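Heads up: the protein sequence lines correspond to chains D and H, in order.
Just so you know, we're using numbering that gives the first Met the number 0 here: the first sequence kicks off at 0 and counts up by one.
Just so you know, we're using numbering that gives the first Met the number 0 here: the second sequence kicks off at 0 and counts up by one.
Derived DSBU-like pairs (lysine-lysine); straight-line CA-CA distance at most 30 angstroms: (1) H/K263 - D/K160; (2) H/K89 - D/K13; (3) H/K183 - D/K13; (4) H/K96 - H/K263; (5) D/K129 - H/K49; (6) H/K96 - H/K181; (7) H/K96 - D/K160; (8) H/K181 - D/K9; (9) D/K73 - D/K129.
Hints were generated in silico from the structure; no laboratory data involved.
Source: prediction; values computed, not measured.
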Amino acid sequence: MSVRRFSILKLTLKVVLVFIILMLVVGPFVGIAIWSFARVWYWPSPIPQELTLRYWSEVFRQGRVLDSLILSLKIALLTVGFSIAIAIPAAYAFARYRLPAERILLFLFLMPQAFPQLPVFINLARIFGKMGLRGNMWGIVMAHTMASLVFSLWIITATFKSIPLELEQAAQNLGASRWRVFWTITFPLGIPGVIAGAIHVFLWSMGEFNAAFFIGAPFIQTAPVLMYTASAGYNMQIASVIAIVLMIPSLLFMFVIERFLKAEYIAGIGG
Amino acid sequence: MKRRRELFVGFLLILPALIVLGALYVYPLILSVYTSFTVGEKYGLANYAKAFDIYWRDIVYSVLISFVTTVVTLFASVVVSGYLRFRNWKFLELMYKLPLFIPFLIVGHAMRVFLAPHGTLNNLLTRILRIEELPGLSRSWIGLVWAFVWIMTPYATLIVLGAFRSLDSAYIEAAQNVGASKWKIIIDVLIPMCRPSIMVAFILTFVRTISSLTIPIMVGPASPNMITVNMMFRVNYFNDWGTANALGVISYLIVMVFAIYYLKFMAAERGGIKA
Chain D
0 MSVRRFSILK LTLKVVLVFI ILMLVVGPFV GIAIWSFARV WYWPSPIPQE
50 LTLRYWSEVF RQGRVLDSLI LSLKIALLTV GFSIAIAIPA AYAFARYRLP
100 AERILLFLFL MPQAFPQLPV FINLARIFGK MGLRGNMWGI VMAHTMASLV
150 FSLWIITATF KSIPLELEQA AQNLGASRWR VFWTITFPLG IPGVIAGAIH
200 VFLWSMGEFN AAFFIGAPFI QTAPVLMYTA SAGYNMQIAS VIAIVLMIPS
250 LLFMFVIERF LKAEYIAGIG G
Chain H
0 MKRRRELFVG FLLILPALIV LGALYVYPLI LSVYTSFTVG EKYGLANYAK
50 AFDIYWRDIV YSVLISFVTT VVTLFASVVV SGYLRFRNWK FLELMYKLPL
100 FIPFLIVGHA MRVFLAPHGT LNNLLTRILR IEELPGLSRS WIGLVWAFVW
150 IMTPYATLIV LGAFRSLDSA YIEAAQNVGA SKWKIIIDVL IPMCRPSIMV
200 AFILTFVRTI SSLTIPIMVG PASPNMITVN MMFRVNYFND WGTANALGVI
250 SYLIVMVFAI YYLKFMAAER GGIKA
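Sequences are here, hints too, so could you generate the full structure?
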């Protein structure tokens, strides 16, 4: 009897704990999910007095919401292309070659994660302003390529390093050139890591605010910048709709790429 | 000769990345330091004097907020990691990873709605506790720290739990055999043995908090501000690049010691993998 009561107590505790964790972690999204459907919502009603699909329809209709999402998508895809194309050779070099001044290079490529990035973006906006790249999509693409390069590089380097050297040496012993070894052995085996890196760059670029704000605004607005403007202007519905649209890929892909990522390499980013 | 050639090929392979980093990171970084020392055509410390004069309170505030955030985050991540090191709980595993890739700005907006005076949290709490009104946490330092802890904990946990899990179980079993409780094992065995990883989690949390702009503009109080918000105001409303960059350089100096520790740790670790 006492054993049974004990387990009921334990179960109750566990239910309470689950509830608290859910409230802390998932709770913040319940609010914006409800707001995205609200037409009229006054305190103290727990749910909106009137619901509407109007704000969601803006995602699919010609207008500033759809425009900003398309712009963000374009920037993110271009960034992935440039970032990965530049990162692959550099990652291979870090994984397999002896490099001149290796320690300095290592420090240099880790530095953006160890120091605040905001001043760099602000000054980049100033430089781009003089070159006529402010308010230009390509200015944002360049800034995103630079900032994402440092983490895509380390993700791909780690992948290349995990491929056994013996496989490459075996091919080389049979007379294959280094170029051929890379394309027939190292690269195909490294594809999962490259894809993980690409997804991470894509997600990061889609949600990036600082560079997009200082370089793009007010001339062009990416989805996060529009979300900020809407939220600051108390247009909670538009802000919440964009927030949810941007959040969905983050949650979906989290499970795909999480195991490829080493927190030490990716944690320096953010906003 | 062969060694020379290898060095050359390796250098060529990283050259594109080096050019991008040099032009788009190192150059603006140097420019930010240079601009912070220039007023008009003259060089001097006027920008720093101005920055300290107007913003000294905000500088102290930023450091304090980042410090409190870091301490709370580390505590939370050690508790979660400690639990998951001993027990397998899929639900907790999923929950701590959920916020990993959600952009900061979106977290800021969600937290603003969640922590508002009539927001989701108070809506729920007033009903459970059956009271009329609760104060809102957004636009206060508690709300700011809350939002920061929420996004920083997953990364910190990833690092700390990774270290806890890679530790040989023999140490833990030995402590258990002499009758140590789980708490005691965490405090006396796991934490001391994983100190370098915990240090990295500490540093990354601190640096990311003090350099975040989006969270304070979404949930932070109107005054005092984090210095990142001041940088934005200086540029956007006053077109005052000198003071903005002085604040930027001050933020570099605040994290300097941590950054150097992190760079050394990572370089050593990567060197280890390479050999």
